[in-house]
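S.K.: Using the sequences provided together with the hints, build the complete structure.
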Amino acid sequence: MKQIQAKNNWYQHKLLNWGIKLLVVLLLAWTIHKQVFAKENAREIWMSFQSHFQTSNLHWLLLNFLLIPVNWALEALKWQQLIKSFSNYTFWRVFQAILAGVTVGIFTPNRVGEYGGRLLLVEPEHNWKAVLTTMVGSFAQLLVLLSFGLMGLIYFANTYLHLEQLILYLFFFLGASLIALMLFCFYNIDLLLPIAKRIPYVHILKKYLIHLKILSAYESKELSKALIYSVLRYLVYSTQYYFMLRFFGIEIDLFTAYAGIGTIYLIQSSIPLPPLIDLLARGEVALFIWGQFSTDEIAILGSTFTLFIFNLIVPATVGAIFILRVNVLKSLGYGGVKSK
Numbered sequence: 001m002k003q004i005q006a007k008n009n010w011y012q013h014k015l016l017n018w019g020i021k022l023l024v025v026l027l028l029a030w031t032i033h034k035q036v037f038a039k040e041n042a043r044e045i046w047m048s049f050q051s052h053f054q055t056s057n058l059h060w061l062l063l064n065f066l067l068i069p070v071n072w073a074l075e076a077l078k079w080q081q082l083i084k085s086f087s088n089y090t091f092w093r094v095f096q097a098i099l100a101g102v103t104v105g106i107f108t109p110n111r112v113g114e115y116g117g118r119l120l121l122v123e124p125e126h127n128w129k130a131v132l133t134t135m136v137g138s139f140a141q142l143l144v145l146l147s148f149g150l151m152g153l154i155y156f157a158n159t160y161l162h163l164e165q166l167i168l169y170l171f172f173f174l175g176a177s178l179i180a181l182m183l184f185c186f187y188n189i190d191l192l193l194p195i196a197k198r199i200p201y202v203h204i205l206k207k208y209l210i211h212l213k214i215l216s217a218y219e220s221k222e223l224s225k226a227l228i229y230s231v232l233r234y235l236v237y238s239t240q241y242y243f244m245l246r247f248f249g250i251e252i253d254l255f256t257a258y259a260g261i262g263t264i265y266l267i268q269s270s271i272p273l274p275p276l277i278d279l280l281a282r283g284e285v286a287l288f289i290w291g292q293f294s295t296d297e298i299a300i301l302g303s304t305f306t307l308f309i310f311n312l313i314v315p316a317t318v319g320a321i322f323i324l325r326v327n328v329l330k331s332l333g334y335g336g337v338k339s340k
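The opening position of the sequence shown corresponds to residue 1 in this note's numbering, with each subsequent residue numbered one higher.
Think of the hints as simulated: they come from the structure by calculation, not from any bench.
Only pairs whose alpha carbons sit at most 25 Å apart, straight line, appear in this in silico DSS-like list of lysine-lysine: (1) 14 x 330; (2) 21 x 34; (3) 330 x 21; (4) 84 x 330; (5) 225 x 84; (6) 84 x 221.
All of these numbers come straight from a predicted model, not from anything done at the bench.
M.R.: In structure tokens, the structure reads:
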């Protein structure tokens, strides 16, 4: 009787395991369809892409493509050094976890699914620690994005929008003050421990909050490394954006492009949106910024849209392959059968 029950449990776990994987693949396919194939202006963008697909332009596309693994490798290196206190995962395993996170994140609001996606390639006992370290890495990336974005916005608004100097000074002061506060919190991240203990009814979450101790283990040197990786990654995907602008024939100097790109990323990060609306919002912001330099709206949308495919759709598709190879239930701490 026990053997029959065990066999039934084995089949149930295996069925549920593959059911979750199928759901992830279907959601990814649905997202790709909605954001790529069913996108408004998709035909016009594709025609614009074809018209710019010429020998004189191909090096911009090739350079962009070569930077895709560099972008996510830097994220993997950052996370690897943040989790080294409780794991010794190889770079390859960490890289797979990062791409698995991209897969799940692409169809969740504000890409929060990245946290869950990474857990699929982490030992169950380290799940909460992995979530916390991912939050630390995301906070470092946000700090860098806001810093470059603020500088870009001030330059762009002063040069092209001709806003009042008083407004610019006020905005810079408020933005710099916020970034300084965030930087203080980042380097004193262990302060979350005493704050968490003051939360009402915190004893109910005691077994989870114990994982916050990992935050006190971070030294300034380690946090600084996370910031350096974040800066390098920001420069990589900003350069990719510049390459796409040049591929689509939008002539703009590098410094001005970085200022505009920083402004776009700053605005995007300030407005959390569902994934299907997020790409639309990116296009609208891009049209406003790059409309100062080009009247070709399809080329502007094409540069943003193609970069989205390169940096998110392609890695998410590869990440789905990694997810299919893991035991989802076991990764989430529910045991079960081994999955090929």
